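Colleague: Read off the chains here:
Protein chains: 2
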Amino acid sequence: MRFAGILIVLSLSLCARAQSDKRISEHIRKNDHGILREFMQFLAIPNVAADTAGLQQTASFIMDLMRRNGIQQVQTLPAKTPGVPPAVYGEVLVPGATQTIVFYAHYDGQPVNAANWQKGLQPFVPQLAIGTPGPSLRLLDMPSPGTAIDPEWRIYARGASDDKAGVMAILKAYEMLRANQIRPSVNIKFFFEGEEEKGSDHLEETLDAHKALLKADLWVICDGPVHQSGRKVVGFGVRGDTQLEITVYGARKPLHSGHYGNWVPNPAMDLVQLLATMKDKEGKVTIDGFYDDVVPLSASEKQAIAAIPSVEGQMKTELGITRVESVKSLPETYSIPSLNINGIRSAETGKLAANVIPVKATVNLDLRLVAGNDWKRQQDKVIAHIQKQGYHITEQEPTDAERQQYAYIAQVTRSKGYNAQKTSMDLPEAKKVVAAVQSTTREKVVLIPSFGGSLPLYIFEKVLGAKTISVPIANHDNNQHAENENIRLRNLFEGIETMAAIMTMR
Amino acid sequence: MRFAGILIVLSLSLCARAQSDKRISEHIRKNDHGILREFMQFLAIPNVAADTAGLQQTASFIMDLMRRNGIQQVQTLPAKTPGVPPAVYGEVLVPGATQTIVFYAHYDGQPVNAANWQKGLQPFVPQLAIGTPGPSLRLLDMPSPGTAIDPEWRIYARGASDDKAGVMAILKAYEMLRANQIRPSVNIKFFFEGEEEKGSDHLEETLDAHKALLKADLWVICDGPVHQSGRKVVGFGVRGDTQLEITVYGARKPLHSGHYGNWVPNPAMDLVQLLATMKDKEGKVTIDGFYDDVVPLSASEKQAIAAIPSVEGQMKTELGITRVESVKSLPETYSIPSLNINGIRSAETGKLAANVIPVKATVNLDLRLVAGNDWKRQQDKVIAHIQKQGYHITEQEPTDAERQQYAYIAQVTRSKGYNAQKTSMDLPEAKKVVAAVQSTTREKVVLIPSFGGSLPLYIFEKVLGAKTISVPIANHDNNQHAENENIRLRNLFEGIETMAAIMTMR
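Protein sequence lines correspond, in order, to chains A and Z.
Residue numbers for the first sequence follow our numbering, beginning at 734 and rising by one.
Residue numbers for the second sequence follow our numbering, beginning at 734 and rising by one.
A couple of the hints might just be wrong.
Note that identical chains are pooled: a pair holds if it fits in a single copy or bridges any two copies.
[Stated by the list, open to error] Heads up, simulated PhoX-like pairs for lysine-lysine below, C-alpha to C-alpha not over 25 Å straight-line: (1) K1195 <-> K755; (2) K1061 <-> K986; (3) K1084 <-> K1114; (4) K986 <-> K1109; (5) K944 <-> K1149; (6) K1195 <-> K948; (7) K948 <-> K1084; (8) K1017 <-> K931; (9) K1017 <-> K1121; (10) K986 <-> K1114; (11) K986 <-> K1014; (12) K813 <-> K948; (13) K1084 <-> K986; (14) K1165 <-> K1149; (15) K931 <-> K1035; (16) K1195 <-> K1014; (17) K1014 <-> K1200; (18) K1061 <-> K852.
No lab work stands behind these hints: they were computed from the structure.
Just so you know, these numbers come straight off a predicted model, no measurement behind them.
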């Protein structure tokens, strides 16, 4: 009985245009109040790594929604390691379909610091509004039934874009097909990860433990933003990612800046001096061998990059900047490894500032990796650079013995990480996905050999031998990974259409 | 009737040794439980600038204590500006005394961040303990009446050393003299400031408004620590002090480090690069003209500095460091201006770290000044240096127009500040104070031409034409201006003796 509803309408659906389907866009318009309400409920559930109960509730919400939509085999896929937020799985097997696509999104969100959100906005109290963060943002009440919903409205909440929108678009796409009795052209599997923002540390063992269930021809990854020009995007790769947290130490206790200032070493000044050696004025990382492992771009990739519409002028205006850090163009920077200061902290500034010599100073560095880089080797290069500046490296707070032995001590904590991944732009399934996405829009779809952002896509190839293609849906100005995260409703609605088109691709 | 008690014992006290008086030290020992209890009550009252009610309560506590000890004219001395925590005043006029000494301490404390205090310690829940902060610190219950009090015990609380200990030592010294019917040799005035840790912004107008009342031959300043060797100290000067807070700006909103990292400028990296230009590897400030205004030391000052016992080996061990920032000795650094990073902040580190490009990065700089420096001119030098690095300087958050016009923008907030002050080591009153302090100890008193720390002592000369001498009492390892501030009871008790000796100096 699994596909009774679908089988009945087989003859109908075969006559319909298989990809962009007017019935889907009309159905979305007719049901926009319901989609909005359901998505707001979803966003109200906390989904940060530190909140185990919140993540469980998020997974349960997804599974309820899947079961209500007749998706089969709904279950969590636990990792071997206990206590890891499990992936959520479900499937729709279509009689006669010869190909299987797994639709991937993740249900966990980046950590939040609610204090940084704009007045009126909170990470887990989803708020409808018009406009982008700032004084012109206007908060809106939920619309009364029957009134028009403006697709320019945004919902503000952690995960609104990254990546509960992905989960919602995929599930709503299938719900819309089912409601309109449109048969998918492929077997569909759903895989919603719960640990992506923590670095997907257990994704590999999860895939490995459920290999048979996850067998597929292609994974479609729904995460991240469309192009800044507003055009839809298909991406063939992602950068790898890892972090290093570095803490340098001064005196064992904080000291009065008058009595000891400029005699006792100041770890904030030491860290500043250290970090300043890592980059030149043109934004080039000056760490030995930092760019050495990079695999050069192919001709077709270079061509695709050259065809990406330039948005640099628009972006500078939008971001309030007149210069950029790199001499390269924005899409060109996606093809080289990066070193970014995520945050730096030593003692206090502002009202809490006191005249002290701090005891330590900490920086969190983000390293993005491209094809050819190995994340551990990339960490090693940074650590070797720190050593070259005279630092003793330790993995914990320095002991008294270390303090006596070494003039400069840096505690380095390696995050786990993963490497970059690319899929060939000439793969037949990839071309079908591009055609499906193109069928939903009059504007030329932007093809991106590798995104600047990261997902652990290499794992899919390593464990399952699976190819991956990224089809993001969020607005580019969604503030993902930061305060005031939001999704524009147009992006959510068009994202549902896009996913439905891929589910019926020919 | 004002001095009835004192006049009656005039004949007795004239026979007694006027300075270090065994009766005082014995009286302290006999009353140690009472002193401890009263001081703990005093420390339990919050005294940070942000807590107006707490500061009022602190001032009231002091005035109650003064009135109970028969001090006359007890009153607050308000500044002309409303809302400023007032100074607390009182006096004891001694018939026949030809000289007047004002005893100065301050009752406000540095800002607190309770989260940074060691487990078991809180800024305004004074805690008796043995040892210094760290795993070996042992918390103690209050001793039962009649049991011995170990002078090595410490009290942990904000203000324990800086500078409620000063207030307490001065008031208890007079209380002990009175209880033992010992007549002071000088007229005594008490002046307890309430705004020192905020930079004494209204001290000048306060002194100016109460000039007649504050007429005196000498001010004795009781603030700061004794020498690290444990020896008592008389200081003839202090450094000046001011701060600058500098914020540099990146994009208008936080951005994903994958999508924009190393293309959009990172303000944390910009700030790091900027700060790194301010100091060389030998700890020398590389800002143009930074050392230009410095008045060279006199021969006698050089001699005094050379006679200061070296504690550098001890300090390095105690602080867990093997190197120092400057090629100069610790007392030598007190004679040059300093530039210290009080704190630096941009986005988050640790568990709250996210993969973002921060929107801004802030540093709080402390500038200590020596004779010859002007605090505004010293700020100007730093600001000129920032401009020289290509920054546009603004006093508020950059406007859209500024963002469009300038590639590099730094918001600079100038704190108020004050200049250094020195009193001649050959002044007759200064020599009397040195002799009085020397009479209380067998070890040679350390004479310091200028402390590294700061007090707005120049104002006393400017407004009142008054000379100042510093007689600090706290242990050097008191963590003033930081978490886990403490006073060792021995220092409090000996401080009372020291103040009593000065009140009876000949």
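Colleague: Hint by hint, say whether it matches the structure.
Modeller: We went through each hint and held it up to the structure:
In this assembly of identical chains, the alpha carbons of K1195 and K755 never lie at most 25 Å apart, being 39 Å within a copy and 84 Å across copies at closest. Proximity of K1061 to K986 under the C-alpha cut-off of 25 Å is restricted to the inter-copy arrangement: shortest distance 22 Å between copies versus 44 Å within a copy. In this assembly of identical chains, the alpha carbons of K1084 and K1114 lie at most 25 Å apart only when taken from different copies (24 Å versus 38 Å within one copy). Taking the shortest alpha-carbon separations for K986 and K1109, neither the intra-copy value of 33 Å nor the inter-copy value of 31 Å comes in at or below 25 Å.
Proximity of K944 to K1149 under the C-alpha cut-off of 25 Å is restricted to the intra-copy arrangement: shortest distance 23 Å within a copy versus 67 Å between copies. In this assembly of identical chains, the alpha carbons of K1195 and K948 lie at most 25 Å apart only when taken from the same copy (13 Å versus 85 Å across copies). For the identical chains of this complex, K948 and K1084 are neighbours neither inside a copy (57 Å) nor across copies (35 Å), given an alpha-carbon limit of 25 Å. Taking the shortest Cα distances, K1017 and K931 never come within 25 Å of each other, neither inside one copy (28 Å) nor across copies (42 Å).
When the C-alpha separation of K1017 and K1121 is checked against a cutoff of 25 Å, the pair qualifies both within a copy, at 18 Å, and between copies, at 22 Å. For a Cα distance limit of 25 Å, the shortest separation of K986 from K1114 qualifies neither inside one copy, at 31 Å, nor across copies, at 30 Å. Taking the shortest alpha-carbon separations for K986 and K1014, only the inter-copy value of 23 Å comes in at or below 25 Å, while the best intra-copy value is 35 Å. Taking the closest pair of Cα atoms, K813 and K948 come within 25 Å of each other only inside a single copy of the chain (19 Å); across copies the shortest separation is 80 Å, beyond that limit.
For a Cα distance limit of 25 Å, the shortest separation of K1084 from K986 qualifies both inside one copy, at 21 Å, and across copies, at 23 Å. Proximity of K1165 and K1149 under a CA criterion of 25 Å is satisfied in neither setting, with 34 Å inside one chain copy and 67 Å between copies. Neither within a single protomer nor between protomers do K931 and K1035 lie at most 25 Å apart by alpha-carbon distance, with minima of 32 Å and 59 Å respectively. Taking the shortest alpha-carbon separations for K1195 and K1014, neither the intra-copy value of 38 Å nor the inter-copy value of 47 Å comes in at or below 25 Å.
For a Cα distance limit of 25 Å, the shortest separation of K1014 from K1200 qualifies neither inside one copy, at 39 Å, nor across copies, at 51 Å. Within a single copy, K1061 and K852 get their C-alpha atoms no closer than 37 Å, and across copies no closer than 50 Å, so neither meets the 25 Å cut-off.
Of the numbered hints listed earlier, those contradicted by the structure are 1, 4, 7, 8, 10, 14, 15, 16, 17, 18.
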